[in-house]
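Using the sequences and the hints, build the whole thing.
Which chain is which? The protein sequence lines are A and B, in order. Using numbering that gives the first Met the number 0, the letters of the first sequence map in sequence onto residues 0 to 273. Using numbering that gives the first Met the number 0, the letters of the second sequence map in sequence onto residues 0 to 313.
Some clues are possibly wrong.
[As the list claims (entries may be wrong)] Pair by pair, the computed Cβ-Cβ distance ranges are:
(1) B:Met290 <-> A:Glu184: 33 to 39 Å
(2) B:Arg308 <-> A:Glu184: 39 to 45 Å
(3) B:Ala34 <-> A:Thr33: 30 to 36 Å
(4) A:Arg132 <-> B:Thr32: 38 to 44 Å
(5) B:His8 <-> A:Val98: 17 to 23 Å
(6) B:Ile43 <-> A:Gly94: 41 to 47 Å
(7) B:Met177 <-> A:Glu80: 50 to 56 Å
(8) A:Glu80 <-> B:Ala271: 57 to 63 Å
[Stated by the list, open to error] Within a straight-line C-alpha distance of at most 27 Å, the following computed DSSO-like cross-link-like pairs (lysine-lysine) qualify:
(9) B:Lys19 <-> A:Lys82
(10) A:Lys32 <-> B:Lys143
(11) A:Lys38 <-> A:Lys260
If you're looking for bench data, these hints aren't it; they were derived computationally from the structure. All residues carry an ideal CB built from backbone N, CA and C; glycine is no exception.
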Amino acid sequence: MTQQPVALNRTDKPAAVASATKMVIRGVSVYYKTFRAIKNVDLPVYENRITAFIGPSGCGKSTLLRTLNRMNDLIPGARVEGKVLLDGEDIYAAGQDVVDIRRRVGMVFQRPNPFPMSVYDNVAFGLRLLGIRQKSILDEVVERSLRAAALWEHVCDNLNQSGMALSGGQQQRLCIARAIAVEPEVILMDEPTSALDPIATLTIEDLLQTLKENFTIVIVTHNMQQAARISDYTAFLSMDDDRAGYLVEFGPTVELFTNPKEKLTEDYITGRFG
Amino acid sequence: MAPESIYAHVNLRRNYRRRKILNTVMLSLTGVTVALAVLPLVWITVYVLLKGGRYLNLALFIHLPAPMGTPGGGVLHAIEGSLVMVLLASLLAIPVALLAAFYLLARPNTAVAQAVRFSTDMLAGIPSIVVGLFGYAVIVVTQKHYSAFAGGVVLAIIMLPVVLRSAEEMLKLVPPEMREGALALGAPEWRAALRVVLPAAMEGIVTGVMLGIARAVGETAPLLFTALGNDHYEIGQIVRQGLHYHQSMGQILGQIFGQPADALPLTLWKYAQQPYQERVQLAWAVAFVLMLFALGLNIAARAWLAYRRRKLYG
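In structure tokens:
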């Protein structure tokens, strides 16, 4: 089988220039009851860069992503070992405020999940959580967020329409607008385009390139080409014999795709497995 | 370039303090309400355990009641009566309910399905004593005598909507892809339903059936008009007599279902209001047995489901 060479980052920038480390995953293992889903992952997340997690199904990409804002706390029986540093502070340390961590590390999910309310209220939801009630501020931030999510032109005529009445791609951009409205520092995206058609996918990929100017983005993707196109850094995870996911290789995306250090990475990106 | 950050308008520290206070209040509130929700169950269980457990003995399960005012005796008549009537009710109600639920799943939007759904909901809302009255008018009056059969039929009517609606809800939870997968292999609809959809929904269906049975076991009112009550109901005696007189199997079964019968809750209701100490004690013991029955049924079903889950999912 011939594998098409993957197209690299459309902007054709040189491998990402040095940037501050926003988050650090240090010696992280995740257990679901007795089953170890992730073992001993070490990984940096650089500021204002897009970091992609790729790997075969079941290797724990999403699980690893969810450790970054403690969403695994919501799963009964899940337990995280190791440290996840956000600006140098362990978010799993005792006394950390999980609500505040999730405000700082936002998330966009695989299936668009607009709330059952108007477009406006969807975006204003997080702002109201923060205690912002003033109409003028809400109006301004809602517009700003919808513009940043490239959705404004499509919805500005009727902000009162239900968020669930939008198309799939628009719903996902609404979710992005909702996430960025509270100005998180990091945005986690769990296969944000896998439920979308190619055109909607392209729109979101373009959007990510502008979003990274203001946010640090971590994205899980099923799609290697997508990782190659949009990300600055890539982490390749795989599954061990005991079904525990582990990090095979991490590096600048260009390097990982053109000159992988590990045989397993090469096999995966050339389509020999996974 | 950056427009003003929203955090110019947000007091995170104040938010945090407010949230912490609210959190403590709500957490305590939920704690209290959870305790309030559990309290009746614990209270009833402990109370019945203390009051009824004391009078529990073997005689309770193997003897008929002693004459009023004399100590001893048991409630074998009520245990057997309950078993016979609930068994009949289950045999009548469960297959009908499950088949109807499959129909609702396969043809959810037809007029028939809407009608079935509407009428079962109505049926579930009818007070059980009215169902009993119906059984009296339709079965007891035409047969000119009370019977375990009439009791079983009214219990079946009460079970039907409980089992049907819960089964339908559980079947709806099975991903349609599963059923479609079987249909795409060329399976006829009945086979897809029986071999694929039913096992996938088994857990919830069993829970629904148990709810139905528990409901039937605990009903008193409809039996007042139909099974009436019978202190001398004893299957062993009926069978022995039948054999003695060379009756056929059918005739013996006819005797078992044709006689008036007692049931545990019915006995409990009657004995609890009699002026004899022994009978009141027996009533407490019956309450205890009823609870044991419900608990035993629950544990058995859960054990079976756990075993099945282990086999299915490893």
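Cross-check of the supplied hints:
{"no.": "1", "hint": "B:Met290 <-> A:Glu184: 33 to 39 Å", "result": "violated (57 Å)"}
{"no.": "2", "hint": "B:Arg308 <-> A:Glu184: 39 to 45 Å", "result": "holds (43 Å)"}
{"no.": "3", "hint": "B:Ala34 <-> A:Thr33: 30 to 36 Å", "result": "holds (32 Å)"}
{"no.": "4", "hint": "A:Arg132 <-> B:Thr32: 38 to 44 Å", "result": "violated (30 Å)"}
{"no.": "5", "hint": "B:His8 <-> A:Val98: 17 to 23 Å", "result": "holds (19 Å)"}
{"no.": "6", "hint": "B:Ile43 <-> A:Gly94: 41 to 47 Å", "result": "holds (42 Å)"}
{"no.": "7", "hint": "B:Met177 <-> A:Glu80: 50 to 56 Å", "result": "violated (36 Å)"}
{"no.": "8", "hint": "A:Glu80 <-> B:Ala271: 57 to 63 Å", "result": "holds (59 Å)"}
{"no.": "9", "hint": "B:Lys19 <-> A:Lys82", "result": "holds (25 Å)"}
{"no.": "10", "hint": "A:Lys32 <-> B:Lys143", "result": "violated (63 Å)"}
{"no.": "11", "hint": "A:Lys38 <-> A:Lys260", "result": "holds (20 Å)"}
Comparing the model with each numbered hint stated earlier shows that hints 1, 4, 7 and 10 do not hold.
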